[in-house]
Amino acid sequence: MTKSDAQPNARENPHLLGVDTGGTFTDFVHYDGLRLRIHKVLSTPAAPEQAILQGIRELGLADQAIRLVHGSTVATNAVLEGKGVRTVFISNHGLGDLLTLGRQNRARLYDLQPPKTPPPVPPALCLETGGRLGADGSVVEELSDADLRKLAQAVRALQPEAVAINLLFSFLDDRFERRVAAALPEELFISRSSEVLPEYREYERGLTTWLNSYVGPLIQRYLRRLAAGARGARLAVMQSSGETADAEQAGALAVHMLLSGPAGGLAGARFIGRAAGVERLLTFDMGGTSTDVALIDGAIQLTTEGRIGEYPVAVPMVDMHTIGAGGGSIAYRDAGGMLQVGPESAGADPGPACYGRGGQRPTVTDANLVLGRLRPDAFLGGHMQLDLAAARQAVAALATELGLALEETAEGIVRLANEHMARALRVISVQRGSDPRTFTLSSFGGAGGLHVCALAESLGMDRALVPVHAGVLSALGMLAAPRGRQLSRTLRGPLADLEEAEIDAALGELRARGEAALAQEGFAASELRAQASADLRYLGQAYTLSVPWQGREATTAAFHAAHAARYGHRLREGVELVNLRLGLQGPSANLALDAPGNARVQPQHAELHGLGAVPVWPREALAAGAELAGPALITETVSTTWLAPGWHCRVDTQGNLHLKLNRT
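With the first letter of the sequence shown counted as 1, position 437 gets the number 433 in our numbering; the numbers rise by one all the way through.
Keep in mind that the hints were calculated from the coordinates and are not lab data.
Worth double-checking, as some hints may not be accurate.
What the hints assert, rightly or not - Derived DEER-like restraints, expressed as beta-carbon distance ranges: (1) D500 - L567: 22 to 30 Å; (2) A521 - G228: 24 to 32 Å; (3) R411 - G332: 16 to 24 Å; (4) D590 - P41: 30 to 38 Å.
The C-beta atom is built at its ideal place from N, Cα and C for all residues, glycine as well.
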């Protein structure tokens, strides 16, 4: 593919559109080379592309040539709901029950009668074939033509839409997997483990390969529908690792899209943080359905031990923790008479009671409206009127059940939602050896600004950052994210015994693969930045820590330090290399944030429970250098920030809000 054929970058096409499909809203950020425009529409879960096409029309871009970067929940929802395509799993003789056996880990360690989880693949869809490689990559048993004919016949009889191939030690030599793939019907979606995840651990490799086939056809069909509706748009998608990829290539490796939406939020937080001079961030992205929390220490942290529902996913993805606490989380009285919030959500349809779409049960959004922290006439820039009476009625019904006053119940709903989120933030900071007090709390998502001060205080933090366009930061992050690839391969052995030349050669092979893939998208090797890392462990350990590769001695020292930081101790045992990783990134779009407003305005005032009249400031009118003292509300088109009593706010030159707690 030539440069002119590739996905255009910001220099070639000024019309950039970032789109994040959430459970309640679909967010848009449009950049025309000069300024940013933001927009929201209600999501259409049954056909997510319809909300995107609606937003494109409402932005007046239907006839424009645009570059559309998209984060999708299609793959995630298919896995969580068990609605992927019919997929055959192929393994070696004797390993047909690999995915059924798994690791035999017990998720509920103290449950005497744990529920039996059904296998991801029904036994009838698990096939075995001849041919086997040894642990050193040598051929133990040849794969015969008769084996292939028998296998192809069995696959046809099962009539699948997709096939996942996972043969032993294919990460060392993929010849057998290639032969199996070539023998199968061409119309099938086929995933080879040696291509999806060329690493050791056959269960994780096999399950990840199966997930890729399970959702791949769905992603490809979805992207085709989107492309057909958005004629003239050049499509790219957000990957779970925080980089973007050409839509056509992404469809073939759909497993890399399982966390594409949350990855956009972290890319946006990193972009804003660097622009604001804040490198260490604890982030929480609070939307309508859930909240995603993560830690950024100069760079987005990645993991290969993530999970989607019940399934471990071993491809690189942003290291984050998700809980069912969002603006749409439903509050209720449990069987013991206690107030509970979430994880059930009102979603986009019917949504919170205040949306006026038929919802009857109280949510976090309804509680904030009752407390006066949301303005009924300012939601979505005034394009959506909130029904205060409906919110009060829903919360009042719960208050009657609990025997509390209306405002007490609303305050309890908000406090309980805050505690759920604070607990999640402790998981990704305190439990992993990081002190949250040394970070700045960054909130985004449509509901984040309403809770940022309370969460910071709960964690002992005194600094917070509310980014400009916080309500659509995931969509903004998709424009700011670089095009890139994450590559890996297994290379095992005591680190002291491996020659650095061998390691450098392996990293060179990974770089060549990544450069070839990105060349198809129009990027020259000279444009790419590379970051190598190594998965290391002490001899005798089962799992690894990943540290940047800086040569053998420096990397060994970095591993000892990382182990001590994570687990509180280091060992004298030797260090073993397990996997090598290489991240390649191309240039990012050159986005210019709008300067903040400079209008001289007088605030309006709103009555808040327990505080009386508090000022309400329109964020777009706050000039750089403006300072506010809490209590106050700061409203904008797609979100509201609640500046609690004792907090101080300063507006920087790009419109970000820097919050500081006055502890005196």
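request  = Tell me, in ascending order, the numbers of any earlier hints that this structure violates.
outcome  = none
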